[in-house]
Amino acid sequence: MSATGIGASVRRKEDRRFITGAGHYTDDINRPGQVFAYFIRSPHAHAAIKSIDSKSAAAMPGVLAVLTGTELAADKIGNLICGWMIHSKDGTPMKMAAHPALASGKACHVGDAIAVVVAETLAQARDAAEKVKVDYTVLAAVADPVAAQKPGAPQIHDVAANNTIYQWHLGDAKAVDAAFKTAKHVTKLDIVNNRLVPNAIEPRAAIGDYDSGTGTFTLWNTTQNPHVARLVIAAFVGMAPEHKLRVIAPDVGGGFGSKIFIYPEEVVALWASKRVGRPVKWVCDRSEAFLSDAHGRDHVTHAEMAFDAGGKIVGLRAKTIANLGAYMSTFSSSIPTYLYATLLSGQYEIPQIYCEVDAVYTNTVPVDAYRGAGRPEATFVVERLVEVGAREMGQDPAELRRKNFVQKFPHQTPVILMYDAGDYNASLKKAMELADYKGFAKRKRESARHGKLRGIGISTYIEACGLAPSQAAGSLGAGVGLWESAEVRVNPTGSVEILTGSHSHGQGHETTFAQLVSERLGIPIENVSIVHGDTDKVQFGMGTYGSRSGAVGMSAIVKALDKVEAKAKKVAAHLLEAAEADIEFKDGKFSVAGTDKSAAWADVTLNAYVAHKFSGQELEPGLKEGAFYDPTNFTFPAGCHICEVEVDTETGSTEIVAWTAVDDFGVVINPMIVEGQVHGGIAQGVGQALCEGAVYSKDGQLMNGSFMDYSMPRANLLPTLKVATTMTKCPSNPLGIKGCGEAGAIAAPAAVINAITDAIGTEQLAMPATPSAVWSSLQKSYKLPHAA
Amino acid sequence: MYAFTFHRPQTVRQAAGLLTKNADAKLLAGGQSLLPTMKLRLASPPQILDMTLVEGLSGIELSGRALTIGAMTRHYEVNASPVVQQAIPVLAKLAGLIGDPAVRHRGTLGGSVANNDPNADYPAACLGLGATIITNKRRIKADDYFTGMFSTALEPGEIITKISFPIPKKAAYQKFRNQASRFALVGVFVAKRGSDIRVAVTGAGSNGVFRVTSFEEALKKRFSPKSLEGLTIPADGMNSDIHGSAEYRAHLVGVLARRAVAEAIGKPAA
Amino acid sequence: MAKISLIVNGNPVNANIDPRTLLVQFLRENLRLTGTHVGCDTSQCGACVVHLDGKAVKSCTTLAVMADGHEVKTIEGLAADGGPLHPMQEAFREHHGLQCGFCTPGMIMTAVDIVRRKGNELDDHTIREELEGNICRCTGYHNIVKAIAAGARAMRGGASASQAAE
Ligand SMILES: Cc1cc2nc3c(=O)[nH]c(=O)nc-3n(C[C@H](O)[C@H](O)[C@H](O)COP(=O)(O)OP(=O)(O)OC[C@H]3O[C@@H](n4cnc5c(N)ncnc54)[C@H](O)[C@@H]3O)c2cc1C
Ligand code: FES
Ligand code: FES
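Note that the protein sequences, when read in sequence, are chains L, W and E.
Using our numbering, read the first sequence as starting at 1 and increasing by one per residue.
Using our numbering, read the second sequence as starting at 789 and increasing by one per residue.
Using our numbering, read the third sequence as starting at 1059 and increasing by one per residue.
Calculated directly from the structure, the hints in this document are not laboratory data.
Check the hints yourself; a few may be wrong.
Stated by the list, open to error - Below, in silico cross-link-like pairs of lysine-lysine (DSS-like), each with a Cα-Cα straight-line distance of 25 Å or less:
hint, chain 1, residue 1, chain 2, residue 2
1, W, 827, E, 1061
2, W, 881, E, 1113
3, L, 452, W, 1014
4, L, 452, W, 1055
5, L, 403, L, 430
6, L, 55, L, 442
For reference, chain L alone in the conformation it holds in the complex:
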C-alpha cells in the first residue's frame, strides 16, 4: 500500500479551503446585478387561495416583481414531478397530484410557496412580502397519516381518494399466512418511525441567471446531483432545453438526501431571473427550511415475526402507512417501497415475507429520502422484532440472531434482493468482543448501585447500496438509469483531471477519487484533480446518494482508467519502439518486457499529445477516455452496532455510555474518511432515537419548526465511538467496494431503542426516546403516537 493509494488514511485535499474559510458555497457566490427573492408561504396547512393582492407590495421601494402561480401558469412553467412509478396491488398507477412551483388555487401545507417577491435587497423583499395580501379560505386539514385514510378525512388532492397514493405490496401473502400457522411463537409490534428534518447545516440556496443574449440559463444550486436537476427542470418543468441550461453545484454544506430533490425555489429563481432580467438569489432561512426541505421517514407500521420451536424465523409480515406529505417529492414513491420492503429480510434467512405499504397524502411538508432512505425504517422493524422476540422467548438476543443469520452466499431473499457476500457472524462476534458483551451483567450491577438502569442493545443491519443496476431499477419503476459516468483527462505534462458525475458534499471525493488514480497510475496524488458539480464541464452523471459514489462512481473511473492505460501503452510502444503486447505498466513506468528500456508516465503523456512518434493513421493523438459504469447488482454493506445506555429513572434521561460499531464495507479506500462517515451516520441515528422528530398539531402546524424546539444532536449527546471493520469483498464491482455513507444512520436507531427498552423493561416506547417519553414509559402512562 502506498502512502496515498487505496487503503491509506490520506488527509483530505479539500480541507484547506474549508479550514481557512475559502470554500465557495452557493451563498458565497454573487452575480453582478443580482437581486433577491423572498417567498411568501402559507401559514395554513390547507386553504383555498381566494385572491392575492400584490399592488401595494409592488409599489414598495426596490421591488422588481411580485409573482404568483398565475404568472407561472401563464409562462407555461411545468409542474415538479416524482420520477419513480409505483403501481398498486390492483395494477393502477400511483396517484400523483400536480405540484406547481407556486401554489395554484390552494395551499396544501404550512410553508407551501404562494408567491415570490423579487427586490434589490433581501430586506426590501421581506418588507414588501408583508404587504402582499393573500385571502385564504381555511380548509380542514389532516397531518396524521393514519387519520388521513379514514373516511371523512379532509380530501387533499382530487386525484387521490382517501388521500391514498398507492396501496403496494411485496411478497406472497398466502405463503406467509401458512408459515405463521406453523409458528410456535409470534412477536407483534406497533412501530412509529418518526419524521425527521434533515437540517444540513448549510441551508438550501439558489441563484438563477438568465442570459438573454444566448438564451441560456445558469443555476447555482445546493444540489447533490446537478445533472438530474438539469434534466428535470428542462424536460418536465420546461424552463429551457437541456443544452440551454447549466447547473452548477459549488461546495455543498451537507445533503443527507435533502439536496437530491428538485424544489420549487430553484425553478422560481431561474424563471424570475428571466422575468426581471437580473440574476435572482434565494437563500433559505433555517425556519423556512423546516417548512420547505423534504422531511424523512414518517412510517406507522404493524409488524409480526413468527418463530418455530427452535427459534428459527419462519415468516415476517408488515403493514406500513407511509406519510408522503402534501406533494410527491422527486423520489418519494420509491423510498417506502423498493428501498424499504426489500430489506425486511435483514441479515436473516426468512423463508417468507409479506409487506403492504399504503402511501398517503397529508397536509405536511413532503417526505422523501433522508440518509438511509427506507433502509433505516426496515432495519428498525426487523431488529426490534428479533430483539423483542428473543426477550419474549427468553433467549439471548445475540444468540437468536446468530441462529438465523444467512450463512451461504449468494442468498436469494423472498423480497427481490440477492445478497452476494457477507459474514454476519464475524461482525457480530467482533462487536461483542469490543463491547465486552460478557461483562455487561457486572456493569449493570455497578449502575444499579448508583441508582441507574443499564441496558444493552444490538442492531445487526444490512443495507442495499450502490444504487443501482439500471435495468432492474427500471423494471421497478425508476424514471432514470442509475449508472455513473467518468472521464479521465490526462494533460500533456502528465497531470490528470477526473470528471465525475458523482458529487461531493462532505464525503471527500477530491481525496478518495484521487487516491484511486494515484495508485493506479503511480503518480503523486497532488497531480490529480477531481472536477464535479458543473453540467457544462462534466458529462451526464447521476450524482451522489444511496452510498453509491464508491461502488458506482469509482467503478466508472476504473473503467475509464483501463481505457487510458490501454491507449497509453500504444503510445509507449511507439515511443519505445517495441510491440504493444510487450509493454508493461507499473508504478507509473512503462517498460518493455525482458529489456531495460522504459519510459516515464510523463514522457508517454507528452508524446500522446505532441504525436511525433506515430502517424495519424496508426493512432489518434491525445489521452482522454470516458466510461459509463452500470452496476450488475446492489452492494450489501452490513454490520453490527452495540449500544449501551444508562437511564436515570427519576428524570427519564438516557446517557449513551458506550458505542461499538463493526461494519463490513468491503474494500475501504480511505479508512479515516470511512470512519468519519460512520460517526456521522451514528449521530443522525442517535438523533432519531433520542431527540429528533417533527411534531405536527392535528391541524397541520409544525410545532417544532426551529432549532429552539427541534432538538439536534449536540456533542454532549454522543459518546466517543468505537468503530471497527470486518471485510468481505464485494464481488460485483472491480474495486470490491460496498459503500459506507448510510450505515450508521441505519443501524443506530434500533440499537439505541433496544438498549433503552432492555434497561427499563418495557417495550412501550417510541422514538424519540426523550427524557419525558422514557419517564412516562416508566410510569406506564406512555401512549404510542398515532395510535389509531
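Start from chain L and add chains W and E with the ligands according to the hints.
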C-alpha cells in the same frame, strides 16, 4: 429585522430620557434575547438604545452580606469572577450554565432579568436568593418583581442598574435542560440563609418563576433532601408542551429540589 | 445610517451602514469575508462564530454597530496571510474534524476560544460541554472532539499566548 434608529446614550439619565420620549424604544444590552426576536420580525422597536457606553452599569462588588452585580455584567464575567465564586459559588455556576460560551460572552444579568423568560436561569437565582433589583428609580424585592412570563414590575422608562444578592449559607441550583433550546425545562434553586429558606423554580410554571412554599416549610424543619421525600407539587399551573407534560414538569420539580438540597449540603447524589 | 470603524483581521475598516446590519452580514456582504457562515436564524448553530475582542461571539446575534470601536477576527484572519495554518486549523485537517466544512469555521473559532479559557489540556467531557452552541450535522462530533484536544495541545506556548493577547 425592521429598520430602527440607533442611539448610544452615555449615562443612565440620558437612556431614561430617551426611553421616556420614545415609548416603543428598546434598550439593547447583550442583545442575546432582543436580537433573535427582532431578526424573526417578532419585535419592531423604532429606536434602539445601546447601553454599552453607559457608565457604571457593570462590575461586581462585595459589601458586607451582599453581592452587588451591575446590570451590564456579562454572564461569563459572573461565571469567571473569583469574587462571585467565593461569595455565592452557585451564582457563578448558574451563569456558566446559561446558553453557550458565545452567548455568555454577550448576554447580561440585567438583560436576562428584564426579559424574564419563563425558562431563564437568573430569575430563579434572584427569587431563590431573595435578591433586590435596583433600578434608576427604586429598589424592588425579587418577590415583587417577577409578575408572569416575560413580565416584570419594571415601569416604562425604568432601567435596571444593578442587582443585589444576599449571601446565603447554603445554596444550589439544578438545571434540567430542554433538549432543543438548552434553556431550563425545569430549574430549581434552593437557598438557606438563617431561617430564611427559599425554593425557586424556573421553566416549569405557566406564570414564570415561582416559589414552592410547601417545600420551603418542609425544609425549615430540616434542611435535607429527606424532608422533601414524598412531597410533590400539583401539575395544575405547570407548562405542558411538546417537551414535557405538566405532570412531568411537576415531577421534575420534586426530583431537582431534592438533588439541589443534597448538593447544597455537600452530599450530591451520584 | 451609522458610521462605524473597527479592526477586522488586523485591518482598520470604516463604513457607513444601516444600523440593522448584523455583524455576519457586514462581514459577508460588505467585506466579502464569506468564511463566516449562517446556519440558523435562532442563534443556535454556531456556524457564525467570530472573535470580538478575542472572545467567541455569534456574529448573527450581534449588530455590526456593536462592533464599532472593537476588534473582530474571522476564520480568514486566524492564520497570517500566506503564513502557516493556525494549529487548530491544522488539527481539524489532521483529525478529519470536518466533512462538508460548513460548520467548520465556527467550530475552529469556538475551539480557539475554548483553549483561551480552559487551557491546553482538554478532556473529552469539557470539549463536548463547551460545544453546546455549535451544531455539526456531518461528523458526529467524534473527530471534532479529537481535533480540538490535539489542536489545544499544539497551541501550547505559541498561538494560545498570542491569542490571549489579542
Ligand atoms: C442560543 C441562546 C441560548 C440561551 N440560553 C439561555 C439559557 O440557557 N438560560 C437563560 O437564562 N438564558 C439563555 N439565553 C438568553 C440569554 O441569557 C440572554 O443573554 C438574556 O436573556 C438577555 O440578556 P441580554 O443582555 O442579551 O439582553 P438583551 O437581549 O439586550 O435585552 C433583553 C431585554 O431586556 C431589556 N433590557 C436589557 N437590559 C436592561 C436593563 N438594564 N434594564 C431594563 N431593561 C433591560 C431589553 O430592552 C430587552 O427587552 C440564551 C440566548 C441564546 C441566544
Ligand atoms: S447562524 Fe449564528 S448561531 Fe446559527
Ligand atoms: S462538517 Fe458538515 S456540518 Fe459540520
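Cross-check of the supplied hints:
1. W:827 to E:1061: 21 Å, holds
2. W:881 to E:1113: 20 Å, holds
3. L:452 to W:1014: 19 Å, holds
4. L:452 to W:1055: Holds, because 18 Å separates the two Cα atoms, which is no more than 25 Å.
5. L:403 to L:430: Holds, at about 17 Å.
6. L:55 to L:442: Answer violated: residue 55 (chain L) to residue 442 (chain L) is near 73 Å, above 25 Å.
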